[in-house]
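Number of protein chains: 2
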Amino acid sequence: MSNTIVNEMKIVKAESSKIQDVDFDNIDFGRVFTDHMFSCDFKDGKWQTPEITPYQPLTIDPSARVFHYGQAVFEGMKAFKDDKDAVWLFRPEDNFNRINISAKRLAMPEFPKEYFFNGLETLLKLDKEWVKKGDGNALYIRPFIIASEPAISASPAEEYKFMIICSPVKAYYKDKIKVVIAEKYSRSADGGVGFAKAAGNYAAQFYPTKLVQETGFHQVIWTDANTHEYLEEAGTMNIFFRINDKLVTAPTSDRILDGITRKSIIQIAKDNNIEVDIRPVTVKEIKEAAKDGSLKEIFGSGTAAVVSPISAFKHGEEVFDVVEPENTYHGMFKRQLMDIQYNIAEDKHGWRYKI
Amino acid sequence: MSNTIVNEMKIVKAESSKIQDVDFDNIDFGRVFTDHMFSCDFKDGKWQTPEITPYQPLTIDPSARVFHYGQAVFEGMKAFKDDKDAVWLFRPEDNFNRINISAKRLAMPEFPKEYFFNGLETLLKLDKEWVKKGDGNALYIRPFIIASEPAISASPAEEYKFMIICSPVKAYYKDKIKVVIAEKYSRSADGGVGFAKAAGNYAAQFYPTKLVQETGFHQVIWTDANTHEYLEEAGTMNIFFRINDKLVTAPTSDRILDGITRKSIIQIAKDNNIEVDIRPVTVKEIKEAAKDGSLKEIFGSGTAAVVSPISAFKHGEEVFDVVEPENTYHGMFKRQLMDIQYNIAEDKHGWRYKI
Chain G
402 MSNTIVNEMK IVKAESSKIQ DVDFDNIDFG RVFTDHMFSC DFKDGKWQTP
452 EITPYQPLTI DPSARVFHYG QAVFEGMKAF KDDKDAVWLF RPEDNFNRIN
502 ISAKRLAMPE FPKEYFFNGL ETLLKLDKEW VKKGDGNALY IRPFIIASEP
552 AISASPAEEY KFMIICSPVK AYYKDKIKVV IAEKYSRSAD GGVGFAKAAG
602 NYAAQFYPTK LVQETGFHQV IWTDANTHEY LEEAGTMNIF FRINDKLVTA
652 PTSDRILDGI TRKSIIQIAK DNNIEVDIRP VTVKEIKEAA KDGSLKEIFG
702 SGTAAVVSPI SAFKHGEEVF DVVEPENTYH GMFKRQLMDI QYNIAEDKHG
752 WRYKI
Chain U
402 MSNTIVNEMK IVKAESSKIQ DVDFDNIDFG RVFTDHMFSC DFKDGKWQTP
452 EITPYQPLTI DPSARVFHYG QAVFEGMKAF KDDKDAVWLF RPEDNFNRIN
502 ISAKRLAMPE FPKEYFFNGL ETLLKLDKEW VKKGDGNALY IRPFIIASEP
552 AISASPAEEY KFMIICSPVK AYYKDKIKVV IAEKYSRSAD GGVGFAKAAG
602 NYAAQFYPTK LVQETGFHQV IWTDANTHEY LEEAGTMNIF FRINDKLVTA
652 PTSDRILDGI TRKSIIQIAK DNNIEVDIRP VTVKEIKEAA KDGSLKEIFG
702 SGTAAVVSPI SAFKHGEEVF DVVEPENTYH GMFKRQLMDI QYNIAEDKHG
752 WRYKI
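Residue numbers (the working numbering), protein chains in the order written: chain G, 402 to 756; chain U, 402 to 756.
In case anyone wonders, no lab produced these hints; they're calculated from the structure. Being a predicted model, the structure only gives us computed values, none of them experimental. There's no promise every hint is true.
Claimed, not checked - With a Cα cut of at most 27 Å, we get these calculated DSS-like pairs of lysine-lysine:
id	chain 1	residue 1	chain 2	residue 2
1	U	611	G	447
2	U	505	G	579
3	G	611	U	419
4	G	715	U	444
5	U	447	U	505
6	G	611	U	505
7	U	715	G	505
8	U	419	G	444
9	G	505	U	585
10	U	715	G	611
11	U	611	G	505
12	U	685	U	585
13	G	444	U	611
14	G	611	U	514
15	G	585	U	715
16	U	505	G	585
Just chain G, with the same shape it has in the complex (with noise of 0.2 Å):
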């Protein structure tokens, strides 16, 4: 392996490419990770010199408070090849600002930019050839920061870990999903963590999404923990709903993501001159929506699923079919974003960052 020390950041080259080994065509979310790894230690009050690796796995105590508190917070990003092959990411600035958020709320240490944005450069470069062209190929990118410091009391760590390893992917969801309105479990509280990319809020739902899988549904639409009346977000995913001609999608709170795809749908509905109604939706307004007909569609949207139309919802016993028109919102949104982000259409907004 060469060894060498760059802008004050050490790597170390992996001695030959896994690429070869991987079938594209073929691949699971998640589960194939690219040949180098991105890392800061966090210790005595600062973050030491970041470092590139060869992928690896860690060695940690098993008295890591990750492990026993939960102090961890995470992005999704993505990167993506144009035709002439420069690699582009989409908004990375709203995913550094987003996991600092992240990490003020969890008492962790903020990561500085600089070292965010030359070690995701450097590791995209090093790993460019991970990154597939083609309409749905992406490379995912997961930042994620844990506190390592092997010591079980339950306070914040002196001691963190800030990594990231990247995924190739194609689109998460495939087929169109049907979802479940939560009447009984509750994803995230007032005055909670429920903003934040904190790891323990996807660990707590998937209990809950477990039980609606074994009902023959997808996922679960959350409500808030008071009254279950307002539909707030899907786990992974925000949502719109399109009532006649118009968008509609709840506000963000200390409950709700604030997600980026979102905002970017947002945007893009109004570039198409879309009326887009930001405000809280109540359950029983889109089960009358469903009734009358004035319920178009129903779609997720997230980094990891870009936009995910949902064809059913259940609410108690009751079933509502989404009857969607030929032309869809959502199919309109995902072509639009992904023409973005591909480098296809003008990028108006400056949302592209090439590498």
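Starting from the structure of chain G, add chain U where the hints point.
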């Protein structure tokens, strides 16, 4: 190292003990671990052969789900040594039951009872020198389960690791603590995971706790997320109020941990003919009781803290001192509880468990 298979358990003993390097009189909570650890992997749909090995770091993929989605639960237990060098656990069956209640809520596989007790007993026999005699000395035992599968899809893992690590401790909180009643932040939602010892519940409390610590207080007393009018728990402790001669504590719920120390104290109070009122407790009534002098004590209870008296609480801008009588309930409960734990008093409820 010797390498033995006992009762379907693989045992690799440490070559030498680290115990002579430990200053047992000056020990920070949870930073020093015994010579051995217990671990058992779940894969291919079942728990594999358990192992006891020298205490050592884990080798784990950076994509392990525990780092990303917080799929992790734990327990806290203690072992005590009596004057005749016998080692005792306190109500370990309750910890065993609870870790599986927590595991189920986080969509993790339950751990078999035989493996749990066989592992615990074998580990404690190997490391029995680490359980020190003397009032307040104990060996803190930390069973935990983490999602170890290397895959970052947001769904329950297929592979897990159950572990037990042990750390010698003295009492957790040394002085009386001052607390702030939560008015903005919250710990858990109805329908959430507050009742479980889920890792993510703890990290979510660190930032609000840090904020109150910056104002000279120690801990947050969590209230219900909806109204902030009901006192629930202290995050790592359940909470009790003595109003005149009556003991009052909130009922357990899906937001409040079913503490083993909590229920032991309720039983001890009854054994002492103290009236115990288990009902929702309002912030308003406790403030009024502080003002009219009927509030005699507030204390937290938990395995780590045992019983932890609270000397003052803040609500909004008001600070209330708790002026305790000479003979406190918490002092009596702690003494009686520890006398049972250390095999000094009669164990009339069958709480002790001999190793």
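Structure-based check of each hint:
1. With a C-alpha separation of about 19 Å, the suggested pair residue 611(U) and residue 447(G) falls inside the 27 Å cut-off, and the hint holds.
2. For the hint pairing residue 505(U) with residue 579(G), the CA-to-CA distance comes to about 24 Å; that is within 27 Å, so the pair holds.
3. Distance hint between residue 611(G) and residue 419(U) is unfulfilled; the C-alpha atoms sit about 45 Å from each other, more than 27 Å.
4. Among the hinted pairs, residue 715(G) with residue 444(U) is inconsistent with the structure: their alpha-carbon atoms are about 34 Å apart, more than 27 Å.
5. For the suggested pair residue 447(U) and residue 505(U), the alpha carbons sit about 15 Å apart, so the restraint of at most 27 Å is met.
6. Taken as a hint, the residue 611(G) and residue 505(U) pair is honoured in the structure, with Cα atoms around 11 Å apart against an allowance of 27 Å.
7. For the suggested pair residue 715(U) and residue 505(G), the alpha carbons sit about 24 Å apart, so the restraint of at most 27 Å is met.
8. For the hint linking residue 419(U) to residue 444(G), the alpha-carbon distance of about 25 Å falls within 27 Å, and the restraint holds.
9. Note on residue 505(G) and residue 585(U): the hinted pairing holds, with a Cα-Cα distance of about 16 Å set against a maximum of 27 Å.
10. As the CA atoms of residue 715(U) and residue 611(G) are separated by approximately 41 Å, the hinted pair breaks the 27 Å bound.
11. Between residue 611(U) and residue 505(G) the CA atoms are separated by roughly 11 Å; this keeps the pair inside 27 Å, and the hint holds.
12. A distance of roughly 16 Å separates the Cα atoms of residue 685(U) and residue 585(U); the hinted pair therefore holds under the 27 Å criterion.
13. Using a Cα cut-off of 27 Å, the hinted pair residue 444(G) and residue 611(U) holds, with the two alpha carbons roughly 19 Å apart.
14. At most 27 Å may separate the alpha-carbon atoms for a hinted pair to count; residue 611(G) and residue 514(U) meet this at roughly 24 Å.
15. For the suggested pair residue 585(G) and residue 715(U), the alpha carbons sit about 33 Å apart, so the restraint of at most 27 Å is broken.
16. Taking the CA atoms of residue 505(U) and residue 585(G), the gap is about 16 Å. The hint holds against a cut of 27 Å.
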